[in-house]
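Asker: The primary structure of each chain is shown beneath.
Number of protein chains: 2
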Amino acid sequence: MSSEGSRGKRAVARAPRSAAVAPARVRTIKEIAAIANVSVATVSRALQRPEVVSDATRQRIQEVVKRLGYTPNALARNLRTARTRLIVALLPDIANPFFSEVIRGIEQVAHESGYSVLLGETRSSLVREQAYADMVAARQADGIITMSHRVPKIPMPGRLPVVNACEYVKDKQISSVYVDNVAAAGAAVDYLVTLGHREIAFIAGPPSSPICVDREKGYRLALQRAQLAVDPALMVSGDFSIEAGERAVELLLSQGQSFSAVFCSNDEMAIGAMRALGSRGLRVPEDVSVVGFDDIRFARYTSPALTTVAQPKNALGREAMAMLIELLADPEVPPRKRVLSADLVVRGSTAPPSPRKRK
Amino acid sequence: MSSEGSRGKRAVARAPRSAAVAPARVRTIKEIAAIANVSVATVSRALQRPEVVSDATRQRIQEVVKRLGYTPNALARNLRTARTRLIVALLPDIANPFFSEVIRGIEQVAHESGYSVLLGETRSSLVREQAYADMVAARQADGIITMSHRVPKIPMPGRLPVVNACEYVKDKQISSVYVDNVAAAGAAVDYLVTLGHREIAFIAGPPSSPICVDREKGYRLALQRAQLAVDPALMVSGDFSIEAGERAVELLLSQGQSFSAVFCSNDEMAIGAMRALGSRGLRVPEDVSVVGFDDIRFARYTSPALTTVAQPKNALGREAMAMLIELLADPEVPPRKRVLSADLVVRGSTAPPSPRKRK
DNA sequence: GCGTTTCATGTAATCCATTACATTGCGTTG
DNA sequence: CAACGCAATGTAATGGATTACATGAAACGC
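Heads up: the sequence lines are chains A and B, in that order. Each residue of the first sequence is one higher than the last, beginning at 1 in UniProt numbering. Each residue of the second sequence is one higher than the last, beginning at 1 in UniProt numbering.
A couple of the hints might just be wrong.
Unchecked claim - The list that follows gives simulated cross-link-like pairs (lysine-lysine, DSSO-like), each with its CA atoms no further than 27 Å apart:
#1 B:LYS153 with A:LYS30
#2 A:LYS153 with B:LYS30
#3 A:LYS66 with B:LYS172
These are calculated hints, taken from the structure and not from any lab test.
Using the sequences and the accompanying hints, generate a full structural model.
Answerer: Structure (structure tokens):
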């Protein structure tokens with residue numbers, strides 16, 4: 001029927017805001033004011049601070065607003081008020097279940113204070129981090145919580161509205177919340193030592209991340225405490241992926257390294273490690289004990305269930321958001337580094353080393 | 001030292017945009033124009049369509065922009081242009097690894113077309129879905145991709161800039177991309193039948209979701225094809241969580257139901273099911289075969305590795321975003337429901353039923 | 001050399017809400 | 001009853017960009 005018309009319309013480059021199909025248009029505060037027979041100021045007040053307008057007027061306005069389905073244009077509002085009540089949480093990898101609990105914590109506190117949270121996945125790419133951070137410079141968000149060890153550059157005077165969670169940065173000006181990775185990793189290795197292990201391999205995370213360096217430090221210190229030599233041949237590093245864990249163990253085994261336990265810098269690598277051990281016919285924990293880090297949701301469902309260092313994920317998120325809110329309310333609050341503690345959770349993947357010598 | 005001053009300051013309610021600490025202020029296009037000795041229009045043009053300003057002017061402006069670290073106020077820009085080049089992807093649960101691959105697909109296509117993606121976790125709460133959807137009504141985002149089976153209400157005339165991914169809604173006006181759940185579930189059950197299973201239990205997902213109904217339908221149809229009775233006692237439903245899978249199997253076992261295979265509506269419930277079977281001393285797949293749905297990243301790392309229906313996660317995301325972009329460019333494109341196919345991936349959790357009778 | 005393009009730039013309207021300040025009307029109070 | 005305070009509402013400036021239209025200068029054709 002109207003095929004010609006519609007094809008013709010589609011053929012030309014369309015104006016961005018073609019109202020061709022729209023039967024009703026989007027409402028503005030002016031229209032509401034006109035229909036409710038008040039000024040725009042009164043409409044604005046009726047919506048922002050209802051207590052200052054008279055009951056009759058307020059009700060009339062609210063009725064019109066509801067009837068016409070009016071939603072104030074947040075861009076205009078935010079432009080005027082210079083705040084958005086929106087924060088962006090940057091996470092390296094949504095596929096990593098570790099972060100989901102942290103996000104929950106962030107959102108809980110955010111909502112309590114009237115903030116909304118949007119998530120940006122950065123895949124550890126500087127470019128993406130920067131793109132999301134630019135939203136702050138461009139006034140589309142009030143602040144950023146970053147879960148990487150880099151602070152994006154925001155061309156802004158004064159204190160950056162950025163808080164660091166899970167990781168930390170050296171920059172003294174940036175508040176961070178994270179766990180005592182040295183102590184936590186140390187406790188994990190201490191436990192293996194207590195079980196009787198003497199040859200403990202270590203799968204490190206990306207060395208660019210300070211927390212990974214700390215976990216390695218914890219491992220080294222624990223070995224030293226036990227008067228065990230730190231053997232570089234037993235240390236491999238990976239990128240936090242399951243596959244990296246597999247590859248690391250395969251490497252150790254193919255090199256003929258002897259070890260009765262592996263401490264992994266995160267749970268996903270531990271899962272990979274268990275898998276690789278299994279496919280080489282080694283049993284966990286009888287032949288090799290495995291310890292992870294993070295305590296992701298799947299950790300208790302591996303078989304055997306994974307012994308791991310449980311980070312207080314929810315608390316990390318809550319604390320980070322609380323700090324950011326504080327910072328947004330008062331740019332002068334001094335930055336601080338808040339260190340939480342992480343506890344070892346013993347499950348089935350660890351046991352005393354078997355008495356017979358492993359190959 | 002300045003403790004009194006700072007306490008005093010903190011005590012009073014601060015003006016929202018206290019510039020107290022800021023040594024330099026945030027720049028506006030006016031300042032750039034003044035410094036570069038051109039009009040604001042020229043600055044805007046130099047940044048938006050550099051080819052229309054002369055080389056000399058452009059360079060001068062860019063130099064000033066860079067030197068002062070100027071970022072245009074996106075609120076002002078978006079207010080004027082009525083577009084944000086931002087879309088929000090609503091996902092029920094970031095902890096579910098299924099969605100992460102879908103998000104990747106969305107982001108890939110989005111970036112190709114100059115869109116940014118922000119993620120909103122809804123936890124299946126209508127209120128949260130609505131809150132994020134309101135961002136579109138409030139002009140803070142151009143469109144929404146929702147991964148739930150509900151379409152948020154956006155008080156907007158005409159076609160809603162919403163696309164549905166992974167799930168689908170009955171509403172004909174909303175484009176959806178999803179897999180043929182009936183066929184895929186059927187294929188999974190067919191496979192179990194082929195292996196020789198006759199007593200196949202089913203763990204359903206939330207019945208509110210159409211795709212879960214479809215998966216159940218696929219299960220029923222496959223049983224009928226195999227001329228097997230559909231036994232309601234072998235059907236339990238769960239909420240997609242690992243724990244739900246555990247509980248479902250425990251329920252079946254405690255009821256003394258006899259079954260040699262379980263088909264689960266998602267992988268997490270399958271992981272829970274395997275766990276529950278294991279803790280009752282039943283081996284997978286020797287005693288009971290387990291099949292999941294989704295093929296999340298962890299599915300190949302369970303032991304035994306999980307046989308599951310692989311959804312084309314990346315394609316779901318890409319297609320959804322492509323549809324949304326198309327819709328944003330032209331509100332008149334007809335809505336469509338795009339159905340992709342999902343393939344069974346056979347791994348170690350399935351085997352022919354053991355000849356001896358199980359308890 | 002004069003009219004006509006073309007190119008580069010400027011002027012000012014516009015997007016839509018918030019809010020300081022102004023105004024109005026009414027009830028108190030001395 | 002003049003003066004005042006207060007409550008309710010209106011007027012208009014404002015936030016920071018984009019962009020239609022206007023202008024001026026240079027280039028061009030004949």
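Asker: Would you mind marking each hint as holding or not holding in the structure?
Answerer: Hint-by-hint comparison with the structure:
About 23 Å separates the Cα atoms of LYS153 (chain B) and LYS30 (chain A), which keeps this hinted pair within 27 Å; it holds. Between LYS153 (chain A) and LYS30 (chain B) the alpha-carbon distance is near 23 Å, which keeps this suggested pair within the 27 Å criterion. This hinted pair checks out: LYS66 (chain A) and LYS172 (chain B) have alpha carbons roughly 26 Å apart, not beyond 27 Å.
Going down the numbered hints, you'll see the structure goes against none, and every one checks out.
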